[in-house]
Amino acid sequence: MALIIIKKSPTENISKRMIEMAIEGDTILFVQDGVLHAIDETTKDLIKNAVSVFVLKEDLEARGYSEDMSLFPCVNYDGWIELIEKNEKIIS
Amino acid sequence: MKKVLFVVYQSPAGSIWVNEALRSAFGMYGEDLEPAILFMEDAVIAVNKNTHPESLGCLSLSMSFKYLERYGTPVYILKEDLEKRKIKEEDIEPAWKAKIITKEELSSFVHSFDKVIIF
Chain G
1 MALIIIKKSP
11 TENISKRMIE
21 MAIEGDTILF
31 VQDGVLHAID
41 ETTKDLIKNA
51 VSVFVLKEDL
61 EARGYSEDMS
71 LFPCVNYDGW
81 IELIEKNEKI
91 IS
Chain Y
1001 MKKVLFVVYQ
1011 SPAGSIWVNE
1021 ALRSAFGMYG
1031 EDLEPAILFM
1041 EDAVIAVNKN
1051 THPESLGCLS
1061 LSMSFKYLER
1071 YGTPVYILKE
1081 DLEKRKIKEE
1091 DIEPAWKAKI
1101 ITKEELSSFV
1111 HSFDKVIIF
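Each protein sequence line maps, in turn, to chains G and Y.
Position 39 of the first sequence, counting from 1, maps to 39 under our numbering, and the rest follow consecutively.
Each position in the second sequence, counted from 1, maps to that position plus 1000 in our numbering.
It is possible that some hints are incorrect.
Said to hold, decoys possible - 25 Å max Cα-Cα, derived PhoX-like pairs, lysine-lysine:
1. Y:K1103 to G:K44
2. Y:K1084 to G:K89
3. Y:K1066 to G:K89
4. Y:K1099 to Y:K1002
5. Y:K1066 to Y:K1097
6. G:K16 to Y:K1066
7. G:K89 to Y:K1115
8. Y:K1003 to Y:K1088
9. Y:K1066 to G:K86
10. G:K7 to G:K48
11. G:K7 to Y:K1066
12. Y:K1003 to Y:K1103
13. G:K48 to Y:K1079
14. Y:K1115 to G:K16
15. G:K48 to Y:K1103
16. Y:K1002 to Y:K1066
17. Y:K1097 to G:K86
18. Y:K1049 to Y:K1002
19. Y:K1003 to G:K7
20. Y:K1079 to G:K16
21. Y:K1115 to G:K86
22. Y:K1049 to G:K16
23. Y:K1049 to G:K7
24. Y:K1066 to G:K48
25. Y:K1002 to Y:K1115
26. Y:K1099 to G:K16
27. G:K89 to Y:K1099
28. Y:K1084 to Y:K1097
Quick caveat, the hints were computed from the structure, so don't treat them as lab data.
Construct the complete structure from the given sequences, taking the supplied hints into account.
What follows is the structure, encoded as structure tokens:
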């Protein structure tokens, strides 16, 4: 299905709109300021069932947060590439 | 033929992204790519006939109309975002030939494209 790459912080409405675009079988990856969703409890309420969510570890740590503070599993750059290869479409 | 959707969410006045999306779409003519454009969030004000970014020194929008017409590039706008910004259907500039979609349809609409790029 689709990999949805979200790079804007939770304060920008487009992030919420992109999360809402996800359908069953999609994967959401938070990168750049989008990683701030990883520490925002309200994000969980937006995620539909059967939508996988990941956070880019390097961008999270660059912003002063550690992996264990994340509400969602982290991937590194290699993991990001795997996600791109695994999904037929990209929405970014 | 690959279908490409450019999604614009930022205002045409004060940001370049509406014009950049249009330019990117125009750059695809002659390739095996079929571009389409979706305006949502603040970008929907671009379709209002009273919107004139050129009055602020920004690029005008009307210069795009002849290309949209000639190459039949579809332009879509999100109903709820129009309503939220008090833009009625009669306010929409006819030259866009804009098709209105609802928030309900957005997810399946976006997934119907091969590539989606959000500006």
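In rising order, the numbers of the hints this structure does not comply with
2, 3, 6, 8, 9, 11, 17, 18, 22, 23, 24
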